[in-house]
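Asks: The chain contents come next:
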Amino acid sequence: MHLPEGRRAGPSRMNILHYWRAMWGIIGRELWRFVTQRERFISALVRPLVWLFVFAAGFRATLGLAITPPYETYILYEVYITPGLCGMIQLFNGMQSSLSMVYDREMGSMRILMVCPLPRWFLLLSKLLAGTAVSILQVYVFLAIAWFYDIKAPWQGYLWVLPALMLAGLMLGALGLLLSSFIKQLENFAGVMNFVIFPMFFMSTALYPLWKLKESSALLYNLAKYDPFSQAIELIRFALYGQFNQPAFIYTLAAFIVFMTAAIIGYNPSKGMMSKKGGG
Amino acid sequence: MKPSIALSVEDLSFSYGGKKALDRVSFKIQSGDCTLLLGPNGAGKSTLFSLITRLYDTRDGRIELCGFDIKRQTRKALAKLGVVFQQTTLDMDLTVMQNLRYHTALHGMGRKLAAQRIQQELERLNMYERRFEKIRQLNGGHRRRVEIARALLHKPSVLLLDEPTVGLDVPSRLAIVEYVHQLAIDEKLAVLWASHLIDEIYPDDHLIVLHKGRIKASGTVDEVLKISNTVMIKDAFYTLTQGDQA
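The listed protein sequences derive, respectively, from chains A and B. Quick note: the first sequence, position 239, residue 239 per the numbering used here, numbers continuous. Quick note: the second sequence, position 88, residue 88 per the numbering used here, numbers continuous.
Hints are not guaranteed to be accurate.
What follows is a set of in silico ranges between Cβ atoms, one per label pair, in the way DEER data are often shown [as the list claims (entries may be wrong)]:
1) B:242 / A:47: 56 to 64 Å
2) A:58 / B:19: 54 to 62 Å
3) A:45 / B:92: 21 to 29 Å
4) A:49 / B:42: 44 to 52 Å
5) A:261 / B:231: 58 to 66 Å
6) B:5 / A:258: 39 to 47 Å
7) B:62 / A:17: 29 to 37 Å
8) B:235 / A:121: 44 to 52 Å
9) A:46 / B:5: 51 to 59 Å
Read the hints as simulated data drawn from the structure, not as lab findings. Backbone N, C-alpha and C fix where the C-beta goes; we use that ideal spot for every residue, glycine too.
With the rest of the complex left out, here is chain A:
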């Protein structure tokens, strides 16, 4: 080991370029990890594909679907469930990101991110964007496979759905971030699965339309109606058919702002949970 000449002044001027490089550093790292972790890539696709090929095929005969917007004709159950499964990919991805945040915090690598000279809200937002980028990649691969299974949206729909996926991914990722600020240990993550992911998924319009739920239970109908995941799915569903669902957009956007603000507070050392649990 040998030492060179003296050191110069530090390089970091807090400018836009710094933010830009840091954000792409975080996104690039996340994408690289996702692409190189082949098992993660495959398992992220297997789940929705099993639902599409097995669950939807089985339920096709028992579930009659009336014509409801954005559909203009009778559709197969597989067609109905596809936007829900896109949402499912993003929901699980958001929770996976949350899990990796808890893991990173336990393992210590989260500390490196938190001690870099950028505002914490920006670092969290970059993490969120990285997770959303990964989830969008997964959704498009899923939609491509569904296309070969003859589940086809209008070609413009594949473009319109991009901003919808972006917002839905951000909202679900922000929820994951928020949860990760409360989870003390990795072992507690099973609780999140049981108390957040499953209720959120099953009490939504991912698998059955609202009017079907109303027939069964008014309470369930109301829970599903105000479930942010339902709104995100409806946003995706309409966008996939080239339509803009304004109420779903506003609701999803509002949910994103609420979750993100709470997550930022949760990760703020002076206000949040970080100092209370001794995490990094």
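Let chain A serve as the given structure and place chain B on it in line with the hints.
Replies: Just chain B now, kept in the frame of chain A:
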């Protein structure tokens, strides 16, 4: 030229709920000084590091890095800081190069500058040849070298090391101890090194002995020996921590 104060801690206290982890801790470290923070487990070393790195909020007291208040001028203060945490904080599935590039991106460095700095830091730690190896393939000593290289990439003025030699074999440990001491002298870097290993102390080092959240003694090795009325640093540590295990 008069050395400047790189790290200043004043009247710092911190509690976990009702349990006091740090009680009115104050010290200063000058540029070029290597200061060892000694204390048994639970002395408050990691809490102190978490406060200096702003992982925890400073409620009572004040911390300044090169004159920047960590609470009010967080980003400017953190830009002056390089940290090696006790646990490995490298991404095991990425290569040495990818891990370091990630760090340079977080510090806003462009590709060219980042490549130069990475080469410089890895070469001086004899790790440049291994830059394309995944962290998982490296042994503990080499991982630590990568972490030290990473902490220095953005040319910090203060280097914090939280027990960086724990779990390493003797040659690796001695190499890192020597390297960091040399770094402090040659580059006027202020080093705060948390440890409970007495043999990591050099005669010119400054010492801070922390016990149950309070500073029991601080100063040069000779001054600490005088305060504790002992002749061996091992005995001084034992006396000051009232018989607790090192």
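Asks: Now look at each hint and say whether the structure bears it out.
Replies: Hints versus structure:
no., hint, verdict
1, B:242 / A:47: 56 to 64 Å, "57 Å, holds"
2, A:58 / B:19: 54 to 62 Å, "56 Å, holds"
3, A:45 / B:92: 21 to 29 Å, "24 Å, holds"
4, A:49 / B:42: 44 to 52 Å, "51 Å, holds"
5, A:261 / B:231: 58 to 66 Å, "59 Å, holds"
6, B:5 / A:258: 39 to 47 Å, "44 Å, holds"
7, B:62 / A:17: 29 to 37 Å, "32 Å, holds"
8, B:235 / A:121: 44 to 52 Å, "50 Å, holds"
9, A:46 / B:5: 51 to 59 Å, "58 Å, holds"
In the structure shown, no violation is registered for any of the earlier numbered hints.
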